[in-house]
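Trainee: Listed here are the chains, written in short residue letters.
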Amino acid sequence: MSFLVPGALLGLTLLAIPIIVHLFKPRKMKPTPFSSLRWLRASHQKMSRRIQWHQWILFLMRAGIITFLVLALAQPFFRGSDSGVPTDRIVIVDVSRSMGYTTGTQMTPGKLARELALARLDKAIAGDRTALVAVDSRARVISPWVDDALSLKGKLAALQPGLLDTQLSAVLPALQSLVSAGDDVRPIELVFFTDNPEAGWQQSAIQDFVGYLKTTPRQVRLEIIDVGLPAPANAWIASASSYGYGEKQFVEIDVGSNAEIKGKHYVVIGGDFPEQRQEIELVPGRVARSEFQLPALELKGKIVKIHLEPGDGLASDDTFYLPLSDVGQRGVLVLESDNDRDTDGRLTSVFVKTALQSLKDKGKQSVEILEKQSGQALPDDVSQAQVIFLTGVSDLSEPLVEKLEQRVRAGAGLVLFLGGDLTKYNAKLFNAAQPELGLLPFKLKFGNASEEPSLWTEVRWSHPVLAALADPKLSDLAKVIYHQHAEMEGELAPADRVLARFQDGTPALVERPLAAGRVVFFNTSASTDLSGLAKTAAFTPLIDRLVAYLAGGVGKSSWLVGDDVQLLLKDWDRQAPIEVVTPAGQTRTANARVLRGDPWLHLENADETGIYVVKQADKELRFVVNVPRGDSLLAPMDPAALKSWWQPVDVQTLTPDEVRERWKTGEQSWPWLLLLVGVLLLVETIYGYWLCPRVNPTATASVIYQRGLFRPSEEASV
Amino acid sequence: MPLKLSMSWLRGLGRQAQMLFQKVHRAVLAGDGPKLAEALGGNDPQRYLDPGILARVGFSPLLAKVVVEGFLNGLHKSPFHGFSVEFAEHREYVPGDDLKYLDWALYARTDHFYIKRFEEETNLRAYILLDSSASMGYGTGLLTKWDYSCFLATCLAYLMVRQQDAAGLMLFGEKAGLIVPPRCRRSHLRQLMLTLVNQKPAGETKLETAIRGMVRNIKRRGLVVLISDLIDDPQETIRAIKLLAGHRHDVIVFHVQDATEQEFNFTSPALLRDLETGEDMEVDPATLRSAYLEQMRELTAFYKKGLTEMGIDYQLVNTKQTYDQALTAYLNRRSRSRK
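Chains A and B, in that order, are what the protein sequence lines are.
First residue of the first sequence? That's 30 in the numbering used here, and the numbers climb one at a time after it.
First residue of the second sequence? That's 6 in the numbering used here, and the numbers climb one at a time after it.
Among the hints, a few may not be true.
What the hints assert, rightly or not - Taking lysine to any residue pairs in the SDA-like style, the calculated list, with each CA pair at most 25 Å apart, reads:
hint : chain 1 : residue 1 : chain 2 : residue 2
1    : A       : Lys453    : A       : Lys508
2    : A       : Lys59     : B       : Arg294
3    : A       : Lys59     : B       : Glu287
4    : A       : Lys59     : B       : Glu209
5    : A       : Lys59     : B       : Gly316
6    : A       : Lys672    : A       : Glu218
7    : A       : Lys59     : B       : Leu298
8    : A       : Lys329    : A       : Glu281
9    : A       : Lys59     : B       : Ala291
10   : A       : Lys59     : B       : Lys205
11   : A       : Lys59     : B       : Phe269
12   : A       : Lys59     : B       : Thr272
13   : B       : Lys205    : B       : Ile184
14   : B       : Lys310    : A       : Lys672
15   : A       : Lys59     : B       : Gln267
16   : B       : Lys205    : B       : Asn222
17   : B       : Lys224    : B       : Gly316
18   : A       : Lys59     : B       : Pro290
19   : A       : Lys59     : B       : Ser295
20   : B       : Lys325    : A       : Thr61
21   : B       : Lys325    : A       : Pro62
22   : A       : Lys329    : A       : Thr61
23   : B       : Lys205    : A       : Lys672
24   : B       : Lys309    : A       : Arg70
25   : B       : Lys309    : A       : Leu69
To be clear, the hints were calculated from the coordinates, so they are not data collected in a lab.
Let's have the full structure, built from the sequences with the hints guiding it.
Mentor: In structure tokens:
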């Protein structure tokens, strides 16, 4: 038993009052003279015992009233599993998109999480400290440590599901800082209120955190309250892209579903185009694809709004905005070197070039492929490219590397594979002075390169590049075996995103945003030297997605919720204010940032989905923001796997019912104590005034007259 | 000194008593208002034997006389008539003489009517032993046991003197106290009452000690009237009273109790304080009453049995009782007393 307000226990000193009164009470009863007590003495002992007996009962009742009243004020707290030891508790509430899943009849996971979290705050005992953290793809410390958990109720109730994907691992660095800021002795309790999706955890991040926890002497307990609905069905538009084929332009739409959903479903496109609709047959676990031919209109600047009918419990991913401004030829530069050959003597770039050519030939990608030897590439070649593939660095000159950096910062995308002489990567691409600004996300270590074959794990299938490749029927990307990879030396920059890891935790696929552009680093070769990636069926679609994704750097007009939007405003006035009208109709004013001579719009944290309009005088530009699709699958995490990842930390995954049952014995008892006080007060009153002879004495009617003879007394008339 | 009683003296005394009744009646009406007047509205002279009413007026020797004479007036058919006189001489009958004093035997012999004349005796010494312990100061309502007992003693003394007996007074508490030797003069009554007036009930009751002390001072056997609440060890009390009987005294015991002592009619818990010892005791009447009353019944039964076995009269007197009962008891005993 513990107390929420232990200071109130000082009130128990009031128990001394009835004792003191009993010991030192003034005689309130007026003595009544009586002739002699001789004949009463025989019965007095029995009488005394009865009085004492009554007094003891009265004393116990009064002491009980005081005790229970004090206890009620101290708010005792009983919980069967609690040791009663003050604990540092971090309440982590998932506010990701999937927490807003609604069925119309059941409580949303988000609301359920809030209710349970509020209940958990109520269970806090005296001495506990509580911190509140919200997490979706990013962690937000809503409140650092506080002693009064109930003060967090307001903040907790204000938490609402957003539009970002679940990335529970993102909270671990924040937890680490909270744990290190806490007491060194108290046990730590981490309580997650989440729908616990499979994609929400990253084993390597967990292991890093567990590694940290091992360094602390604090006992750590992890409770994951799984508030997810059982088998939630969802269909979503996984991706959409446009391509031209001759004079015709098409939109290709992939629709995913995680369960069998009854009824007909339609994909409807509209926006800047006349509405078209196609019925689509959803297959659980697979991606259904449909194609729409666009009307022969000027497509530049047009936006296609795609939505799925009918809507479902997770409506946010049923709509997709596809800008067509980047429809057209994309300049793809493949830098190669004669010195970079694989063990079969082929150029390391051969598979990339083949895939690109294939895409171009099939009209899948409208690309202009430029192949250049590293030593012969001109700065202009780099400047005109929107996507650059680098499969070896043997002949890269420093000016070219510098040009590459400039180009990427200006918005181009760089796809970096290992190949050729691997030892030159660190020297040419790694920025030792400022690792977060280099083209190579981390320093490679080959000395102890792992020889163990490995698969990708912790794949962020929600990433636009990988989203459509998660389907095992359409893609064998997940099955690729990587024979060898470079180990990571040092740390990744905070902005880097690990899209996949090897089983030993080494990053396998890393995306590094670099100013307006991005670098996608494959910790494997584009040839068959280090892995079977280049020979898989998924390789060409992967190149396709990479080109589509990275070509947006210049003229890019599609972002995801939570992204920092950087939009090139070519030939716009650099000084005049810029208005940004959000999809909700709100107008924001911004100033252009000049970067390498061009004005750029920088809009942090685009938090609405839809079409944004950027205006300056008579100029107007539109871009779209879509929700990420990582949560759409709604696949629950396997508790056993999660438990193994968290070893040796004690992890318990509990359903809401289990939680309620567990906390059932933890009801606060102060209302019952108050009721008991009232009952005792009533009993004491009845007992004291009607049953107990000692209480409330009244003067006896006996009046003594001691008057002498011959002297009539005035008192005689009393 | 023997006093000769005559019918004229008795008639004169009756007139005085009647005047006193009227005086008392007026005083009562003046002092106690309509309520008391209502209570005294009747003409029954017996109500003046009520100690409650007498206490409101205030005790006095004259009032004792009134009480006793009123009491004797009600005894015209009493078997006690003429108990204390002896034949002295004859005189010739004259009309108006009471025929019951006619000597029919002499008439048979002489054929003349003669009236018997009697001579009173004064050979009875009566000792009134009055308990003056503090417990006698207890009382509820209108008067204390002490008041009641004093007036009772006064009445008895008057009655004794009136019957030519010598009345003495002995006060006792923890030990034998003041002793007024027995005399049969009427003026002796005033001395007795002065003694009572100047005495306040105090101290504990040590009946055995007191009686042992007094027995030594009673040289001649006589009638001993013990007036006490008998709050002492019952065995010792019985033993002490038997000591009196052992000295060939006729003994009559008036066991005076207050109504509250007899009924224990406290209605609520109380802190009782012993008048003799000052000891306090919290009592719950509801709890104690039955046990107490049972104990009191046993006590009185014990006294009655123990004293009766020795030929001692035991009279339980309640301070609410009229005095006639006590006086009757005395006369009853007196008629059986040895001369």
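Trainee: Hints the structure violates: just list their numbers, smallest first.
Mentor: 1, 5, 14, 22 and 23
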